[in-house]
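**Student:** Sequence:
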Amino acid sequence: METKNISTTARKELIDISDEQDRNYWATRLGVSCEKLKSTIKAVQSMEFSKLKDYLRMEKIKSASTYQRFLNA
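Residues 26 to 98 in my numbering are what the sequence shown lists, from first letter to last.
Hints in this document: simulated from the structure, not taken from any laboratory.
Among the clues, some could well be false.
Unchecked claim - Distance condition first, Cα-Cα at most 20 Å in a straight line; then the derived SDA-like pairs of lysine to any residue:
(1) Lys37 <-> Leu55
(2) Lys76 <-> Ile86
(3) Lys67 <-> Lys85
(4) Lys78 <-> Asp41
(5) Lys37 <-> Asn49
(6) Lys78 <-> Ala89
(7) Lys37 <-> Asp79
(8) Lys67 <-> Asp41
(9) Lys63 <-> Asn49
(10) Lys67 <-> Glu45
(11) Lys87 <-> Asp47
(12) Lys61 <-> Ser75
(13) Lys63 <-> Tyr50
(14) Lys61 <-> Tyr50
(15) Lys63 <-> Asp47
(16) Lys76 <-> Ile66
(17) Lys61 <-> Glu73
(18) Lys37 <-> Lys78
(19) Lys67 <-> Ser43
(20) Lys63 <-> Lys78
(21) Lys67 <-> Leu55
(22) Lys76 <-> Arg36
(23) Lys76 <-> Ser58
(24) Lys37 <-> Asp47
(25) Lys85 <-> Glu45
(26) Lys85 <-> Ser71
(27) Lys37 <-> Tyr50
(28) Lys61 <-> Arg36
(29) Lys67 <-> Thr53
(30) Lys61 <-> Lys85
(31) Lys87 <-> Ser43
(32) Lys78 <-> Gly56
(33) Lys76 <-> Lys87
(34) Lys63 <-> Lys85
(35) Lys63 <-> Phe74
As the list claims (entries may be wrong) - Here are the computed distance ranges between Cβ atoms for each label pair:
(36) Cys59 <-> Lys85: 13 to 21 Å
(37) Asp41 <-> Ala68: 15 to 23 Å
(38) Leu39 <-> Glu60: 25 to 33 Å
(39) Ala89 <-> Ala68: 14 to 22 Å
(40) Ser88 <-> Asp44: 24 to 32 Å
Computed from a prediction, not measured in an experiment: that's the story for all the values here.
All residues carry an ideal CB built from backbone N, CA and C; glycine is no exception.
Modelling step: build the complete structure from the supplied sequences, incorporating the hints.
**Tutor:** Structure follows, in structure tokens:
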């Protein structure tokens, strides 16, 4: 039997939203509410931490640029 080493960066961190404690942990780690976490999971259609983090980052950038356009108008 061959043993494969998987680096920690290659491992996917999956979010279990059915467990309240886990849900609270990931929401805090992402800096969002539990409701926002759930809606993000629905939007991305994934429970992988890195995909959710990227989506939230892009959402923040989009809202910031919209806000800047509003200020400059």
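**Student:** Could you run down the list of hints and mark each one as holding or not?
**Tutor:** Against the structure, the hints come out as follows:
Distance restraint check for lysine 37 and leucine 55: the Cα-Cα separation of roughly 15 Å lies within the 20 Å cut-off, and the hinted pair is therefore satisfied. About 15 Å separates the Cα atoms of lysine 76 and isoleucine 86, which keeps this hinted pair within 20 Å; it holds. Distance check on the hinted pair: lysine 67 and lysine 85 sit about 17 Å apart at the alpha-carbon level, within 20 Å; holds. Between lysine 78 and aspartate 41 the alpha-carbon distance is near 15 Å, which keeps this suggested pair within the 20 Å criterion.
The suggested pairing of lysine 37 with asparagine 49 holds, with an alpha-carbon distance near 19 Å, which does not exceed 20 Å. As the CA atoms of lysine 78 and alanine 89 are separated by approximately 16 Å, the hinted pair is consistent with the 20 Å bound. Of the supplied pair hints, the one linking lysine 37 and aspartate 79 holds, its CA atoms being roughly 14 Å apart against a limit of 20 Å. The suggested pairing of lysine 67 with aspartate 41 holds, with an alpha-carbon distance near 13 Å, which does not exceed 20 Å.
Using a Cα cut-off of 20 Å, the hinted pair lysine 63 and asparagine 49 holds, with the two alpha carbons roughly 11 Å apart. At most 20 Å may separate the alpha-carbon atoms for a hinted pair to count; lysine 67 and glutamate 45 meet this at roughly 17 Å. As the CA atoms of lysine 87 and aspartate 47 are separated by approximately 28 Å, the hinted pair breaks the 20 Å bound. Among the hinted pairs, lysine 61 with serine 75 is consistent with the structure: their alpha-carbon atoms are about 16 Å apart, no more than 20 Å.
Straight-line distance between C-alpha atoms of lysine 63 and tyrosine 50 comes to about 13 Å, which keeps the hinted pair within the 20 Å bound. A hinted pair counts as satisfied when its Cα atoms are at most 20 Å apart, and lysine 61 with tyrosine 50 qualifies at roughly 13 Å. Restraint check for lysine 63 and aspartate 47: satisfied, since their Cα atoms lie roughly 12 Å apart, inside the 20 Å limit. At most 20 Å may separate the alpha-carbon atoms for a hinted pair to count; lysine 76 and isoleucine 66 meet this at roughly 9 Å.
For the hint linking lysine 61 to glutamate 73, the alpha-carbon distance of about 15 Å falls within 20 Å, and the restraint holds. Straight-line distance between C-alpha atoms of lysine 37 and lysine 78 comes to about 13 Å, which keeps the hinted pair within the 20 Å bound. Of the pairs offered as hints, the one joining lysine 67 and serine 43 holds, with about 14 Å between alpha carbons and a cut-off of 20 Å not exceeded. This hinted pair checks out: lysine 63 and lysine 78 have alpha carbons roughly 13 Å apart, not beyond 20 Å.
Of the pairs offered as hints, the one joining lysine 67 and leucine 55 holds, with about 16 Å between alpha carbons and a cut-off of 20 Å not exceeded. Between lysine 76 and arginine 36 the CA atoms are separated by roughly 13 Å; this keeps the pair inside 20 Å, and the hint holds. Between the alpha carbons of lysine 76 and serine 58 the distance comes to roughly 17 Å, so the proposed pair stays at or under 20 Å and holds. The suggested pairing of lysine 37 with aspartate 47 holds, with an alpha-carbon distance near 15 Å, which does not exceed 20 Å.
For a cut-off of 20 Å, the pair hint linking lysine 85 to glutamate 45 is broken: about 25 Å separates their Cα positions. This hinted pair checks out: lysine 85 and serine 71 have alpha carbons roughly 19 Å apart, not beyond 20 Å. At roughly 16 Å between alpha-carbon atoms, lysine 37 and tyrosine 50 fall within 20 Å of each other, so this suggested pair holds. A hinted pair counts as satisfied when its Cα atoms are at most 20 Å apart, and lysine 61 with arginine 36 does not qualify at roughly 24 Å.
The hinted pair formed by lysine 67 and threonine 53 meets the criterion: a straight-line CA distance of about 18 Å does not exceed 20 Å. Proximity of lysine 61 to lysine 85 is assessed by CA-CA distance (about 13 Å); at most 20 Å being required, the pair is judged to hold. Proximity of lysine 87 to serine 43 is assessed by CA-CA distance (about 30 Å); at most 20 Å being required, the pair is judged violated. A distance of roughly 10 Å separates the Cα atoms of lysine 78 and glycine 56; the hinted pair therefore holds under the 20 Å criterion.
Between lysine 76 and lysine 87 the alpha-carbon distance is near 17 Å, which keeps this suggested pair within the 20 Å criterion. Restraint check: the Cα-Cα separation between lysine 63 and lysine 85 comes to about 17 Å, which is no more than 20 Å; the hinted pair holds. For the given pair, lysine 63 sits about 12 Å from phenylalanine 74 by alpha-carbon distance, which is consistent with the 20 Å threshold. For the pair cysteine 59 and lysine 85, the beta carbons lie near 18 Å from each other, so the given range of 13 to 21 Å is met.
About 18 Å separates the C-beta atoms of aspartate 41 and alanine 68, a value consistent with the hinted range of 15 to 23 Å. The given range of 25 to 33 Å is broken by leucine 39 and glutamate 60, whose C-beta atoms sit roughly 20 Å from each other. A beta carbon spacing of about 18 Å between alanine 89 and alanine 68 agrees with the range 14 to 22 Å that was offered as a hint. Roughly 30 Å separates the CB atoms of serine 88 and aspartate 44, a value that falls within the hinted 24 to 32 Å.
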